[in-house]
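These protein sequences, in sequence, are chains A and B.
In terms of this note's numbering, the first sequence opens at residue 1 and continues consecutively.
In terms of this note's numbering, the second sequence opens at residue 1 and continues consecutively.
Worth flagging that the hints you see were computed from the coordinates, not collected in a lab.
One or more of the hints may lead you astray.
With a straight-line cut-off of 25 Å between C-alpha atoms, the simulated BS3-like cross-links for lysine-lysine are [unchecked claim]: (1) B:K288 <-> A:K83; (2) B:K121 <-> B:K270; (3) A:K83 <-> B:K319.
What follows is the residue order along each chain.
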Amino acid sequence: MPNSKDDAVQQARNDLAKRLKIDAGGVKEKAVEESDFPDMALGAAEDGEMSGQMMTRGWRITLDAEGKSYEYRADKNQVRAYKFKGKNYRI
Amino acid sequence: MNRNNIFIHLALALVLVLVAAFAGQLNRWRKQMPLEVRIVPTSEKKQPTTTEEIALTENGSLGSPEVLVKFRSGVSQERIDQLTAAFHDRVEDRIENAEGWEAVDDLDNADATTVVDQYLKLPEVEDAEPNYVIKLEDFDLSESIRPSDPQFDDQWALANSGQKGGKEGADISATVAWAKTTGSDKVVVAVLDTGVDYSHEDLASNMWVRPDSLAPYHDDQLGTIDDANGFNAIDNSADPMDDNGHGTHCAGIIGAEGGNDVGIAGVNWKVQIMPLKFMNSGGFGNTKDAIEAINYVIDRKKHGVNVRIISASWGSTQKSRALGDVIRKAYENDILFVAAAGNASTNNDRQPHYPSSYDNVLSVAALDRKDQLASFSNYGVKSVAIAAPGAEILSTWLDNQYEEKSGTSMATPVVAGVAALVLAEHPRMSVADLKEKLLASTDPIVALKGKIATGGRINAAKALE
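Please construct the entire structure, taking both the sequences and the accompanying hints into account.
Right under this line is the structure:
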């Protein structure tokens, strides 16, 4: 669980680096904005996952790596990769 | 009398018949209730009156500026729109079965009689009249119908007085319903969620506790679990304590103790909340644990617990046949499954949301305090049954706190709560009849027309007729 917004961004950067098999230095923070997500899985449920249908405040994190943009979603409870190669992942 | 006049008179006669029928129904409600109910214009303050007064014959100015305007035959809709726009008004709806009549909303909130006069001067207008509001008057607020809970004024879903910019009367008519029943501790509602803070000051007295006469839960795979306070399907333990807050919020909507001078009032002042935990501290869980928790409910029902409703404020877009099957099994055991329609602002007819889109489920959309479909709410004229308040809903939270939250998660327990009220009055009602009763107990809402099956907001008072 992230302790703060900065922590969430760092967790997202590390995760993306791992998925792309590159050094974390190659992942750049493009934007971090507060956002309301449609449910408690931040609109990024994994397969087979159910979530509370309550509007949830969190951060939408956009990262750049190898010329492409990637979206992560986070709140104080979780960090999720959103549609990374078509699938959601809770990290 | 020429032919046009005959049609006009026939139309007006039809309107009067419909009004008289509605007034008669209100009178029947009055006779069924222990306290006085009468019909008043919205602007009228409470004054001593007889129960026979009907404001349809009065000419006082109205709190609602809406007027009914009959445009002459042949006036195009485009011209009507031009005329109303010129007055800074808006056509809200065409009135079915009263040809030519349109409901017009005055955006300046001017006095209704002034607005009527404006329209009567137009050559395109044949007739106009104020749209008298017919409503069940709030009961005497000094009586027990209004709970003593200090934060009740913020519970617009139960009694919307227009607080915080809301629309007066856009609520579930809870104060009227409570004249008949405030619930029963013989009705058990399962809250299938993140668990429930069963020690919360406003919930503790309404929590289900396994009676000594009932043996602990036994499952061939899980073994025996001492389910004194419910069931935790995540770790298959006996402790369903909430570590998120979502389930506690839903539980408070259904059954925060009413009239106890503490916090808020639930739709039911008295009820038994059976807490079930299958979602973790983050507010998410998996299908297998949801199924285990539903199986637990079915088992307890079979062993004599009067658990008749499962409130499910969760979901996803992924279909599970196993989950659908166990929900069907619950229905076959006389348990109503109420589920959130989802918060993606999408049409569930095209992109289903589960479990709300399964058969045998009552799917619930969310309304805001202005009686509009909440901006986030899913909808679907085939797949979403009913709507309830679900935005900025105040309810119980962890650590004896109270918080406002939004989502179809919040609308779902409102409907589950009304279902529990109905069962308090009609304990032997079958699940099929209960579902049918709820679907027939709505107030039509313009914003829901063509959006959900009933086109209406749940009305607790109607459900208790």
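Consistency of the hints with the structure:
| no. | hint | verdict |
| --- | --- | --- |
| 1 | B:K288 <-> A:K83 | holds, 24 Å |
| 2 | B:K121 <-> B:K270 | violated, 56 Å |
| 3 | A:K83 <-> B:K319 | holds, 19 Å |
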